[in-house]
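4 protein chains.
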Amino acid sequence: MKQRYEIWVLGGDLRQVKLAQLLQEEGYLVRVYGMELRPKAETLPDREEWNRIEEADCVLLPLPAEGAGGMLYAPLSQHRVKASCIVERMRPGQLLCGGKLSEELRDRAQRRDVRVEDYLTREEFAVKNAVPTAEGAIQIAMEEMGCTLCGTRAMVIGYGRIGKVLAHRLQGLGANVTVTARRCSDLAWIEAFGYHGIRTEQIGHEIQNYPLVFNTVPMQVLNQDVLASLPPECLVLDLAGGSGGTDFAAAERLGIKAIWARGLPGKVAPTTAGEILHQTIHHMLQEVEV
Amino acid sequence: MKQRYEIWVLGGDLRQVKLAQLLQEEGYLVRVYGMELRPKAETLPDREEWNRIEEADCVLLPLPAEGAGGMLYAPLSQHRVKASCIVERMRPGQLLCGGKLSEELRDRAQRRDVRVEDYLTREEFAVKNAVPTAEGAIQIAMEEMGCTLCGTRAMVIGYGRIGKVLAHRLQGLGANVTVTARRCSDLAWIEAFGYHGIRTEQIGHEIQNYPLVFNTVPMQVLNQDVLASLPPECLVLDLAGGSGGTDFAAAERLGIKAIWARGLPGKVAPTTAGEILHQTIHHMLQEVEV
Amino acid sequence: MKQRYEIWVLGGDLRQVKLAQLLQEEGYLVRVYGMELRPKAETLPDREEWNRIEEADCVLLPLPAEGAGGMLYAPLSQHRVKASCIVERMRPGQLLCGGKLSEELRDRAQRRDVRVEDYLTREEFAVKNAVPTAEGAIQIAMEEMGCTLCGTRAMVIGYGRIGKVLAHRLQGLGANVTVTARRCSDLAWIEAFGYHGIRTEQIGHEIQNYPLVFNTVPMQVLNQDVLASLPPECLVLDLAGGSGGTDFAAAERLGIKAIWARGLPGKVAPTTAGEILHQTIHHMLQEVEV
Amino acid sequence: MKQRYEIWVLGGDLRQVKLAQLLQEEGYLVRVYGMELRPKAETLPDREEWNRIEEADCVLLPLPAEGAGGMLYAPLSQHRVKASCIVERMRPGQLLCGGKLSEELRDRAQRRDVRVEDYLTREEFAVKNAVPTAEGAIQIAMEEMGCTLCGTRAMVIGYGRIGKVLAHRLQGLGANVTVTARRCSDLAWIEAFGYHGIRTEQIGHEIQNYPLVFNTVPMQVLNQDVLASLPPECLVLDLAGGSGGTDFAAAERLGIKAIWARGLPGKVAPTTAGEILHQTIHHMLQEVEV
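Residue numbers (this note's numbering), protein chains in the order written: chain W, 2 to 291; chain S, 2 to 291; chain A, 2 to 291; chain H, 2 to 291.
This list has only true hints and no planted wrong ones.
Which copy? The list can't say, so a pair holds if one copy fits it or any two copies do.
Simulated pairs of lysine to any residue, SDA-like, Cα-Cα distance not exceeding 25 Å:
hint, residue 1, residue 2
1, K41, G256
2, K41, P212
3, K41, L255
4, K268, S186
5, K268, M220
6, K101, E125
7, K41, E276
8, K268, P232
9, K41, I141
10, K41, G147
Quick caveat, the hints were computed from the structure, so don't treat them as lab data. Values in this document were obtained by computation on a predicted structure and should not be read as measured data.
Kindly produce the complete structure, drawing on both the sequences and the hints.
Structure (structure tokens):
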């Protein structure tokens, strides 16, 4: 008789390693596959093969689940396997979790009566990841700038999740923080928290005074015209999803240092990012009433 | 030919006086009625009668528009007039703004082709008012408590507008802040801003350690059972709308000091509250393309 | 044989009551005299007479120790006794603590080989009291102003203990904080903490933009000339010791609201003020190796 | 006739370059020597030779003034010259400023009636440099740790200049901050600013719970015994002057990552560090009544 809930953790980077450790510490029966090149060989039980995956109660794919060509994203492994092959071996009633699951994967899973959950659809996952993203952005700004954040005029474009968390920390470090938003109610929030607020439509008129600009809006706000107004020596950090909000080609032509910082949580704080995955999966498992 | 946009400001308390002054300074032609008992007789042009109201382009009723018996809320006046009578004298195309407009008033206005706007439906109005509400709550806490907020364990129930703004300020004053929420994503926000977070469902288990409790949730969270767990000498401040979130009768039986603090912006910061009205009306006028 | 260290707590206001309670809870044998009119009759053992004071190991006079005419400061009592009479009954080796002890009292004590400690000479006592002083100042500002502190330009004159603690809290509440100081190094501190800094000598040139001014410097900084530059509706709160730093007569002539806020800890936060006394006495007793 | 005050800026790193630029922008006649390898050839007038130094009104040596063997510290130059030779060419009445001037240099200068000022003796210089030091420490912590500062328990040993500025910023980033101090009054300050405070003598008992430790005390506080109590994966950053406060050999034996971070302002924020030099020299020049 099966005693313990069994979770298979497949592929991924250091976040996925941390996740597997935390689940094991919590008492789950954990099997890992596709992370055999991880720095220290913790006591995680590596599986040579993933094909007895039907033994699992829950299968955790990484974030993102797939790399190029639909292969399981597994930078810490020398094995290569198609993500879809894994799903094809799953049995009805199993739970499949992963990040940025493609429509194809979701379809296959549903056809096999496998329940599917994507981390990215969880609001709390996005909120929690705003913290390592903001810290990562601050780290890069510190590394790239010759002056301190204290006393620097910093503009944060957009007051969504990352904008809120980033503005708060920049202010805590003594920067002079301006935040842009489009909605009146967001501008009201910005003032209630003590930042200077301007309408996003107006940034072209103000941006020339800002040696540090963070973009969080996934639309091309920092187009050639706006970039041309920036002071020389300005640093632009684009944290927006999708295809970013900066015309990087124009920035290069204009000699402006613009950095597209993507996937910061996994890069700058893999331990925290793994804990966030773990907390999210914890909530998911509670909700499916394990 | 009519040169300037004419605004009539009727009734209300000190906020409405401030509002009339700000509109006049901005260049509007302002007429006031029903605030003749205001502290200083500023240069606002009082109208003896309200019945030439058809001359106005815009009519501003106070917040709330009506007092008992449907009378215009006008604590700074000895005149008494039914709010509905005013509306009945308006002409098609005029703009009527007010706060907490009753369904009857709205209906009458619409039947006369008068455009109607209620401040309370504006998100930015609610956000901006969270600031004087939070400051007012802090002022009352300081007045009522024999100890400093610095070092005090304070619980904020609910992480909506008031909860967000209040928790931020309590932390700035050195209190030890716990915030409760029901949604996972709100708890993620609470942690991202450095507060201790607990689920609202759990407050019964934790509340015995909090000498200061602010409620912002308009549901009876602080029922008899929860109140019975509070430490003696505890102070409860209920800031929730509707009928509040505290069983005040039970609090009295139990000897717990519970204060129902309503309408704080107008009471503790009438100047700011008037400015907020003004900013909101400014946005409204922009949107109706004056 | 004497088992427990015996402390007599004489006179004083609610702080002294709180102090006596805390010492009793800590296990000391406590006797109180001269506070029989306190709100609730806690289980403190009142003494009818103070003249068996030689039984005490330590005698705690209040802050201040003496009121008018050298009488023990005892607003919660109907007994009247000269502070010097009490000292004259003490015996060699006893410890006498009090606040603002007059030279005469100190001399008498020393002549009798009584060890004397004054709270006011303890740096940590002054630092700790800066917190209730700052909170009290904020409470008064909130009560007196019609606008919120959030968004208000506030000037803090002086960056000593109260200036440091007050500026920090005003910033936490969203005020726009300027601090003045005379030394270059203090101005460096002011900038490091994110405030706007100006030289105290320059306040005459800047003060016209500040509707809220806190003085913490015990020299007449706010003289008639400077006061005349203040905007109407300005609020001045003087928190300085000695004879304050404001020409109150000139303020009245000029129609400026200036409040001399003295002894705030005992007034706005007697419980905290009592705890601070207790912590300070605790350190004193440790140092005399009880 | 001499029209403009002439300043010679010799040697140094990027800070010294920034300093020369700022002085030139301010209107001084600036000559530079010993920084010809600087990144961009700004319009600073390089001198081929330093031996017409008697033309200067003021000579600015870098921080530190001397490198190994008493040579002018000049990492951006291929010239090598003894600092003492420069002083020997100076004439009576000139002003010599520099950082960490050796006793020998001071003596020589005084014998020639050259006025001497050392940046390091200026309190405001030390306070201002605490900001880039604290930011640099935070940058290193972010780079080295796999988790976010938000939510991390961080201990700051010592509440001097760096301790004060660092604790403030760590709290602004959401870390859980404990500060240690030896004096009661410093512990009172620590609590007034909302940190957890413990006595430096007690760190051995508490440190096992801190994955991040910053030392600012120039005495061996982090000796072998204390280091042995640290949790594995702990990061120690030593920011103390002198020979630091960490037994680095013991740390290595114990497998604890301990980093001795020295001279952070010049490394992480040379522009700001140059501005600080400039502000300090500005004050010095004002005081010698140029």
